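A.B. asks: Residue strings, one per chain:
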Amino acid sequence: MLLRSKHKTKILSSEITPESSYLGRREFIKGAGVLLAGSASFTPHLLHAALRSDDELTPEKIVTQYNNFYEFGTDKGDPYAYAHELTTEPWTVEVSGEAKKVGKYGIEDILKGLTVEDRVYRFRCVEAWSMVVPWQGVSLKKVLDQFEPTGNAKYVEFKTLYRPSEMRGQRSFFSNIDWPYVEGLRLDEAYHPLSLMVTGVYGKKLPNQNGAPWRLMVPWKYGFKSLKSIVSIRFTKKQPMNTWQALAPNEYGFFANVNPEVDHPRWSQASERRLPSSLFDPNRRATLPFNGYAEEVASLYSGMDLRKYF
Amino acid sequence: MLSRKYLAALLLLPLFWSLILVASEMHRPGYLMGSDPNEELLHFFGGWAIRILLLSYALAGLNRWLPKLRLLQSRRMVGLFAFFYLALHFSTYVTLFVEPEWDVLMDEVIQRPYITVGAIALALLCSMALTSTDRARRMMGVYWKKLHGLIHLAVPLALIHYSWALKVVNLELVIYFVIFGFVVLERVTKNFRKVARFRIKNTAVR
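In order, the protein sequences belong to chains A and B.
Here the working numbering is used: position 124 in the first sequence is 104, and no number is missing along the way.
All you need for the working numbering is the position in the second sequence, starting with 1, plus 6.
Treat the hints as calculated values from the structure; they're not laboratory data.
Just so you know, not all the hints are guaranteed correct.
Said to hold, decoys possible - Using 30 Å as the maximum straight-line C-alpha spacing, the simulated BS3-like pairs for lysine-lysine come out as follows:
| hint | chain 1 | residue 1 | chain 2 | residue 2 |
| --- | --- | --- | --- | --- |
| 1 | A | Lys92 | A | Lys56 |
| 2 | A | Lys56 | B | Lys207 |
| 3 | A | Lys56 | A | Lys80 |
| 4 | B | Lys200 | A | Lys41 |
| 5 | B | Lys207 | A | Lys288 |
| 6 | A | Lys84 | A | Lys122 |
| 7 | B | Lys152 | B | Lys74 |
| 8 | B | Lys207 | A | Lys218 |
| 9 | A | Lys84 | A | Lys121 |
| 10 | A | Lys84 | A | Lys41 |
| 11 | B | Lys74 | B | Lys207 |
Source: prediction; values computed, not measured.
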């Protein structure tokens, strides 16, 4: 079998959040702070859910200042420097395609009544660096269910905001990206309990550079799948064409599941630099199949040739 | 005339800056080098290797425009500086990105096209650096010029290495290719100009 997990996590996807929710957010963040301070005592009761013993939170400063959000520029520091130019209120989301309740919705109406949960996820970028991030968000399934997708809906396509006046990367002369940024999921992937619509990070409202007011988070896929600042949700029969696949189909696929055995044509995906990474300790570690969530999600892809559907 | 000493001092600045960068990582991680210092250092040395390599490549042409600066006197030194930063780029790659998985190095060189072309450029420039002494030049005779003519291959390979390492085109890459284009164009037209001058001279004599 192609997918092997050396370390069994033995954690059900349904068990992923409870620790932090019963601890309460304040205590959770405090605990995170202790971890960040490099305290000798690791607090497993806090983080063991879906995490491994060697996973430590990436500092908030790195999470919010080291970003790929090409709408604001291609440098990692550009989103932090320029995302303040974006206004996120009001925020309208257009729902279309194979669903009963299509139309335009204010984001507050979509989120109304949904429970915000804490989720600490590993985040693996296709560029071979990774983080561990404490997100806050709502279940993607609960978001999508409100629009009552029909039996024809097999995929869901998302789009990021296109607003060159406030997103300077979209005005860039050198950009060869066909805006707006598009991503998609198979509906069963979107309905997986791990799939999250993120509205906050580190207990704070999601900063613009991280994709305010809301972004996707599918932790077993490369980061580019988890698009930011979403304004369009479309249910489709056919597999949507996502931005990176359109740009370089031999390098980026639709599924983009983290897979150490399938390299990017130009670089290896076998290992990753976990941030914080320093010159004196690069913090390099082996990349895990499905980013370490194989137990939870591998069954979604049973029988599929993951070399072909990369 | 541009003194070689001043030029050398200028070309040492990136090295000094890199020492400050490394020192800053000891005292205030992330302050100067951002969140991914390994990648930052790799690109820092790689960037300066390419910029100085392009400078050394452009010197002959620049010398024709500004003969008073006597730039050709400095060409060997500039070339060796380019090699120096390239060596730092390569050592950074090996120590921070390959070590301790040494078996990975050969796989990467063979399997990753951008690393393959980078390795070829490195080998070419290494052979040029090793044969850059007057003694080697005398001993090699006509072969010295042939070997060092490989700079016309090494420079585009270095540029291809950089462009293949990127996910999308950026301004820096465009500028490098424009400079490279200018240098090549100048060389090509130089030969035309020579032919033209030759013809004018001959007609005048007649």
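A.B. asks: Take the hints in turn and mark each one as holding or not.
C.D. replies: Going through the hints against the structure:
no.	hint	in the structure
1	A:Lys92 <-> A:Lys56	violated (33 Å)
2	A:Lys56 <-> B:Lys207	violated (58 Å)
3	A:Lys56 <-> A:Lys80	violated (40 Å)
4	B:Lys200 <-> A:Lys41	violated (60 Å)
5	B:Lys207 <-> A:Lys288	violated (67 Å)
6	A:Lys84 <-> A:Lys122	holds (18 Å)
7	B:Lys152 <-> B:Lys74	holds (28 Å)
8	B:Lys207 <-> A:Lys218	violated (72 Å)
9	A:Lys84 <-> A:Lys121	holds (19 Å)
10	A:Lys84 <-> A:Lys41	violated (35 Å)
11	B:Lys74 <-> B:Lys207	holds (25 Å)
Taken one by one, the earlier hints fail for this structure at numbers 1, 2, 3, 4, 5, 8, 10, listed in ascending order.
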